[in-house]
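Visitor: Residue numbers (my numbering), protein chains in the order written: chain A, 27 to 308; chain B, 27 to 308.
Do not take every clue at face value.
Which copy? The list can't say, so a pair holds if one copy fits it or any two copies do.
Below are the DSS-like pairs computed for lysine-lysine, each with C-alpha atoms no more than 27 angstroms apart in a straight line [to be verified]:
#, residue 1, residue 2
1, Lys281, Lys226
2, Lys70, Lys106
3, Lys46, Lys281
4, Lys106, Lys281
5, Lys70, Lys111
6, Lys106, Lys46
7, Lys106, Lys226
8, Lys111, Lys96
9, Lys281, Lys111
10, Lys46, Lys246
11, Lys106, Lys246
12, Lys70, Lys226
13, Lys111, Lys226
No lab work stands behind these hints, which were simulated from the structure alone.
Protein chains: 2
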Amino acid sequence: MCQLLGMNCATPTDITFSFKGFSQRAGITSDHSDGFGIAFFEDKACRLFVDNQSAVESPIAELVRNFPIKSRNVISHIRKATQGKITLENSHPFMRELWGRQWIFAHNGDLHHFNPRLTGRFVPVGNTDSERAFCYLLDQLVERFGYTEPSIHQIFTALEQIAPRIAEHGTFNYCLSNGQALYSYATTKLHWLVREHPFKAARLIDLDVEVDFSQVTTAKDRVAVITTEPLTQNEVWMPYQPGEMIVFQDGRPIKQALTRVERLEREALNPELKRITRADQY
Amino acid sequence: MCQLLGMNCATPTDITFSFKGFSQRAGITSDHSDGFGIAFFEDKACRLFVDNQSAVESPIAELVRNFPIKSRNVISHIRKATQGKITLENSHPFMRELWGRQWIFAHNGDLHHFNPRLTGRFVPVGNTDSERAFCYLLDQLVERFGYTEPSIHQIFTALEQIAPRIAEHGTFNYCLSNGQALYSYATTKLHWLVREHPFKAARLIDLDVEVDFSQVTTAKDRVAVITTEPLTQNEVWMPYQPGEMIVFQDGRPIKQALTRVERLEREALNPELKRITRADQY
Numbered sequence: 027m028c029q030l031l032g033m034n035c036a037t038p039t040d041i042t043f044s045f046k047g048f049s050q051r052a053g054i055t056s057d058h059s060d061g062f063g064i065a066f067f068e069d070k071a072c073r074l075f076v077d078n079q080s081a082v083e084s085p086i087a088e089l090v091r092n093f094p095i096k097s098r099n100v101i102s103h104i105r106k107a108t109q110g111k112i113t114l115e116n117s118h119p120f121m122r123e124l125w126g127r128q129w130i131f132a133h134n135g136d137l138h139h140f141n142p143r144l145t146g147r148f149v150p151v152g153n154t155d156s157e158r159a160f161c162y163l164l165d166q167l168v169e170r171f172g173y174t175e176p177s178i179h180q181i182f183t184a185l186e187q188i189a190p191r192i193a194e195h196g197t198f199n200y201c202l203s204n205g206q207a208l209y210s211y212a213t214t215k216l217h218w219l220v221r222e223h224p225f226k227a228a229r230l231i232d233l234d235v236e237v238d239f240s241q242v243t244t245a246k247d248r249v250a251v252i253t254t255e256p257l258t259q260n261e262v263w264m265p266y267q268p269g270e271m272i273v274f275q276d277g278r279p280i281k282q283a284l285t286r287v288e289r290l291e292r293e294a295l296n297p298e299l300k301r302i303t304r305a306d307q308y
Numbered sequence: 027m028c029q030l031l032g033m034n035c036a037t038p039t040d041i042t043f044s045f046k047g048f049s050q051r052a053g054i055t056s057d058h059s060d061g062f063g064i065a066f067f068e069d070k071a072c073r074l075f076v077d078n079q080s081a082v083e084s085p086i087a088e089l090v091r092n093f094p095i096k097s098r099n100v101i102s103h104i105r106k107a108t109q110g111k112i113t114l115e116n117s118h119p120f121m122r123e124l125w126g127r128q129w130i131f132a133h134n135g136d137l138h139h140f141n142p143r144l145t146g147r148f149v150p151v152g153n154t155d156s157e158r159a160f161c162y163l164l165d166q167l168v169e170r171f172g173y174t175e176p177s178i179h180q181i182f183t184a185l186e187q188i189a190p191r192i193a194e195h196g197t198f199n200y201c202l203s204n205g206q207a208l209y210s211y212a213t214t215k216l217h218w219l220v221r222e223h224p225f226k227a228a229r230l231i232d233l234d235v236e237v238d239f240s241q242v243t244t245a246k247d248r249v250a251v252i253t254t255e256p257l258t259q260n261e262v263w264m265p266y267q268p269g270e271m272i273v274f275q276d277g278r279p280i281k282q283a284l285t286r287v288e289r290l291e292r293e294a295l296n297p298e299l300k301r302i303t304r305a306d307q308y
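Next up, chain A with everything else stripped away, as it sits in the complex (with noise of 0.2 angstroms):
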């Protein structure tokens, strides 16, 4: 299993007060050192850290600690081996171009029996699930939309029907961003919060270290924080339910949905309904 990290904001925020509570479970607090991967949106372009080495001991790592770039988008992903060789081209964040603009994905989870028929637009690099659910998710929009570029809302309702197909396979909790706005979704375990105006002190619990952001914001900034499990001891932390999905643009959620858990109950009152959708699926 693996550990994801989201941040999206409405004024470009530095993530170094979260990565280093999160990056401490790449060895230290817990056992994710099997590489790690950040990227950071500018508009439609990202700046990707990748590194096979923990988060911990990378030198990569310790720069993204120190040095404070500002993004409205970040997705990072710490990682425990499952599935795939510990390599470059098995570490996540993953990232393709679709419609001018990069797409980014991290997944934390396991697909078990997942070779969906891909067109060939986009091929995994590496052996991983994850890529692989990465690109046929992409193949998928690719299909629905063509080379016109869907709304936030279209994408939004076209990841409700792809993600549960997926989701059917295994663990499948994501972060997705093309800059634009921070999908995410869950089937077992992730949280989130919104910082905003007023905004308070935050306490780490991966580190000994509080931020007070009344003292370091404006009442413009908006931050919405995604991740695995909750980093700081004092804030609220709301968990995502299973099969929900929420995208998050400006800082806040603008869309939520709960997904898998409705396909189960509409499955369960009806089986033929199983039948048939699962034919379909590829």
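Chain B: place on chain A using the hints.
Guide: Chain B alone, transformed into the frame defined by chain A:
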């Protein structure tokens, strides 16, 4: 204009010596200070560092100078902006996935009135002539080979046809790699050399640094270095002839061709040929 640096090796090699000299040109020995980038392949995957700060000031460049990342294919670029703003999305090298490999492209030169029809399969994220050329080039590879990965020699033959068409729009010196080989092409300026056994000492031009490669190599090592302007004062750098294309593998040129010159000569002999070929170009 910009400057290029490429390295192709028989065994994973670090580029710190060459990059130390090269990055001096981003503000100290020259004025290529509008962003920099460097890509290191590890098999089919790639570690890409880009920054819109200069390679002299960027903390990311500082990391690259001091942290020896070993790779068999490296492409770096320092930018002096001529087209496109100094933003992250306009910083070379550019990266796209094709046939389950990352592809990296960096360009030195200016293209004018270069607005080819693109299929939508690869869309520029920024607004440089260079990224447009990269997307066109990959589009053309997909048009020729579909979703079946061609051999190095097939790619070379395709590039021999595609590159001169783009070069008709201006200066087109580039380095391109998919982690398997490094393809290079020059219409005006590019130099190369091969370092191999018996290795000698080399002294940088831009910095007072000398390395005796015989002390830090084995007989198995072999390194080809490609650069806009020679990096060392005591080695023989081969200039590319106008229109020369060279593909490097395992640290040496494996195929060379003169594309543009041959083409212009053919066209000079038969102006009708020029009209037909140009009309057919997109």
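Visitor: Does each hint hold? Answer for all of them.
Guide: Hint check results:
When the C-alpha separation of Lys281 and Lys226 is checked against a cutoff of 27 angstroms, the pair qualifies only within one copy, where the shortest distance is 26 angstroms, while the shortest distance between copies is 63 angstroms. Taking CA atoms no more than 27 angstroms apart as the test, Lys70 paired with Lys106 passes between copies only; the shortest distance there is 22 angstroms, against 29 angstroms inside one copy. Neither within a single protomer nor between protomers do Lys46 and Lys281 lie at most 27 angstroms apart by alpha-carbon distance, with minima of 29 angstroms and 49 angstroms respectively. In this homomeric assembly, Lys106 and Lys281 never come within 27 angstroms of each other (Cα to Cα): the closest approach is 31 angstroms inside a single copy and 43 angstroms across copies.
With identical chains, the CA atoms of Lys70 and Lys111 are at most 27 angstroms apart between copies only, with a shortest distance of 14 angstroms across copies and 30 angstroms within one. For the homomeric pair Lys106 and Lys46, the shortest alpha-carbon distance inside one copy (18 angstroms) is at most 27 angstroms, but the shortest distance between copies (35 angstroms) is not. For the identical chains of this complex, Lys106 and Lys226 are neighbours neither inside a copy (33 angstroms) nor across copies (44 angstroms), given an alpha-carbon limit of 27 angstroms. In this assembly of identical chains, Lys111 and Lys96 lie within 27 angstroms of each other by CA distance solely across copies; the values are 19 angstroms between and 32 angstroms within a copy.
In the homo-oligomer, the alpha carbons of Lys281 and Lys111 never lie at most 27 angstroms apart, since the shortest distance is 36 angstroms inside one protomer and 34 angstroms across protomers. Taking identical chains as interchangeable, the C-alpha atoms of Lys46 and Lys246 lie at most 27 angstroms apart only when both belong to the same chain, with a minimum of 24 angstroms there against 42 angstroms between chains. Taking identical chains as interchangeable, the C-alpha atoms of Lys106 and Lys246 are never at most 27 angstroms apart, the minima being 37 angstroms within one chain and 35 angstroms between chains. Neither within a single protomer nor between protomers do Lys70 and Lys226 lie at most 27 angstroms apart by alpha-carbon distance, with minima of 31 angstroms and 45 angstroms respectively.
Neither within a single protomer nor between protomers do Lys111 and Lys226 lie at most 27 angstroms apart by alpha-carbon distance, with minima of 42 angstroms and 38 angstroms respectively.
Checked against the numbered hints above, the structure breaks hints 3, 4, 7, 9, 11, 12, 13 and satisfies the rest.
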